[in-house]
Amino acid sequence: MEVSIKDIIKPENLVYQKSSLLTEKPMHYCPGCTHGVVNRLIAEVIEELGLQQETIGVTPVGCSVLLYNYIDIDWQEAAHGRAPALGTAIKRLLPEKYVFTYQGDGDLAAIGTAETIHACNRGENILMVFINNGIYGMTGGQMAPTTLEGMAASTCPFGRDPERDGNPLSMTEIVATLPGTRYVTRQAAHTAGAVRKLKKALIKGFNNQKENKGTSFIEVVSTCNSGWKMTPVQANEWMVENMFPFYPLGDIKDK
Amino acid sequence: MAKMKGAIVVDMVSCKGCSLCVEACPTQVIGLADEVNAKGYNYAYMVNPEACTGCSNCAMVCPDSCITVYRMRVAEPA
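Protein chains in written order, with the numbering used here: chain A, 932 to 1186; chain B, 136 to 213.
Pulled out of the complex, with its shape left as it was, chain A reads as follows (with noise of 0.2 Å):
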């Protein structure tokens, strides 16, 4: 008997839709992001532990400022690179609500360096999304702390050379140094496994806000084909042959 494709689209049958705490906004971002990938993820995350009314995100400068337009929970706009001091004082006055911050490598990495170490040092017990695609990508695709050795940006069009730029910085692996993380991983959202993944870090993120025992930190190497001037297809497979060797995933602290 051959199945229709309208005998297969039925109610009974759906494996997977889009999470309902996603508005119907679309998403500014340039196709291929990886913005919304993890954008989607933490509406399902969130929505899956039932948590719509406890949560409240911190969204950043850059790119996904807009975050706060697109999953329907309670937001702040923290100032550029204060999201983990803002995370901390929504934290702290109120303890019993699930708190993360969502930033990039020039918000977390850059400006908001100072507040991102102190912020992990003192183990706040919040959440804390870093978004690493290795330039600013909202500005112009200039270098970012992250860009890697010989990586062309807007800035450095010949690459990024290490004795005139410094050296491209690895805040994940600094942030395990520190005693105040209790969860610090690198994933990474190219392939559906991947993606798969990153979802099961995100959600032991969220619930280790139960325990009181310190700061999450996920980061996630990610593209920005438009920064990169790639197809979105091309900057996965570039991010896997440039950016993994750098930045390579796993975790790197789980107590």
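Keep in mind the hints are simulated off the structure, nothing from the lab. Quick caveat: nothing in here was measured; it's all calculated off a predicted structure. There could be a bad hint or two in this list.
As the list claims (entries may be wrong) - Residues of chain B placed beyond 10 Å of chain A at every Cβ, according to the derived structure: (1) G152; (2) D169; (3) E170.
As the list claims (entries may be wrong) - Straight-line Cα separation of at most 27 Å, DSSO-like style, residue types lysine-lysine; simulated pairs: (4) A:K956 with B:K138; (5) B:K174 with A:K1131; (6) A:K1028 with A:K937; (7) A:K1141 with A:K1128; (8) A:K1184 with A:K1128; (9) A:K1028 with A:K941; (10) A:K1141 with A:K1131; (11) A:K1131 with A:K1144; (12) A:K1141 with A:K1028; (13) A:K1128 with A:K949; (14) A:K1144 with A:K1184; (15) A:K1135 with A:K949; (16) B:K138 with A:K1144; (17) A:K1160 with B:K174; (18) B:K174 with A:K949; (19) A:K956 with A:K1028; (20) A:K1184 with A:K949; (21) B:K138 with A:K949.
All C-beta atoms, glycine included, are put in the ideal place defined by N, C-alpha and C.
Once you have looked at the hints, place chain B on chain A.
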């Protein structure tokens, strides 16, 4: 022996034609349309619907949550 048959529904309006789902599909079901949507993107659609197993890999990698996945068990003819 039963096998899994799947189908996807792509939200043509919000699809940005990034083609990450095309790459993620293990059975080469998805392709980009020759036509464009209102935003001017060649949206994704099922080129080869027969091969879909409903594995959801396409939905996992979609940055714009455009894909809904259905899956059912079908008994193979004896």
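Now the hints, each set against the structure:
1. Non-interface call for G152 of chain B relative to chain A: violated, since the shortest CB-CB distance, roughly 6 Å, does not exceed 10 Å.
2. Against chain A, the non-interface label of D169 of chain B holds: every CB pair exceeds 10 Å, the least being about 17 Å.
3. The beta carbon of E170 of chain B is kept farther than 10 Å from every beta carbon of chain A, the shortest such distance being approximately 16 Å.
4. For the suggested pair K956 of chain A and K138 of chain B, the alpha carbons sit about 37 Å apart, so the restraint of at most 27 Å is broken.
5. Note on K174 of chain B and K1131 of chain A: the hinted pairing is violated, with a Cα-Cα distance of about 34 Å set against a maximum of 27 Å.
6. The suggested pairing of K1028 of chain A with K937 of chain A is violated, with an alpha-carbon distance near 44 Å, which exceeds 27 Å.
7. About 21 Å separates the Cα atoms of K1141 of chain A and K1128 of chain A, which keeps this hinted pair within 27 Å; it holds.
8. The suggested pairing of K1184 of chain A with K1128 of chain A holds, with an alpha-carbon distance near 16 Å, which does not exceed 27 Å.
9. Using a Cα cut-off of 27 Å, the hinted pair K1028 of chain A and K941 of chain A is violated, with the two alpha carbons roughly 38 Å apart.
10. A C-alpha spacing of about 16 Å is found between K1141 of chain A and K1131 of chain A, which places the hinted pair at or below 27 Å, so the restraint holds.
11. Annotation: proposed proximity of K1131 of chain A to K1144 of chain A holds, straight-line Cα distance about 19 Å (limit 27 Å).
12. Straight-line distance between C-alpha atoms of K1141 of chain A and K1028 of chain A comes to about 9 Å, which keeps the hinted pair within the 27 Å bound.
13. For a cut-off of 27 Å, the pair hint linking K1128 of chain A to K949 of chain A stands: about 19 Å separates their Cα positions.
14. Restraint check for K1144 of chain A and K1184 of chain A: the C-alpha separation of about 13 Å stays at or below 27 Å, so the hint holds.
15. Between K1135 of chain A and K949 of chain A the CA atoms are separated by roughly 21 Å; this keeps the pair inside 27 Å, and the hint holds.
16. For the suggested pair K138 of chain B and K1144 of chain A, the alpha carbons sit about 46 Å apart, so the restraint of at most 27 Å is broken.
17. At most 27 Å may separate the alpha-carbon atoms for a hinted pair to count; K1160 of chain A and K174 of chain B meet this at roughly 21 Å.
18. Proximity of K174 of chain B to K949 of chain A is assessed by CA-CA distance (about 20 Å); at most 27 Å being required, the pair is judged to hold.
19. Using a Cα cut-off of 27 Å, the hinted pair K956 of chain A and K1028 of chain A holds, with the two alpha carbons roughly 26 Å apart.
20. Under the criterion of a C-alpha separation no larger than 27 Å, the hint pairing K1184 of chain A with K949 of chain A is inconsistent with the structure, at around 32 Å.
21. Of the supplied pair hints, the one linking K138 of chain B and K949 of chain A holds, its CA atoms being roughly 25 Å apart against a limit of 27 Å.
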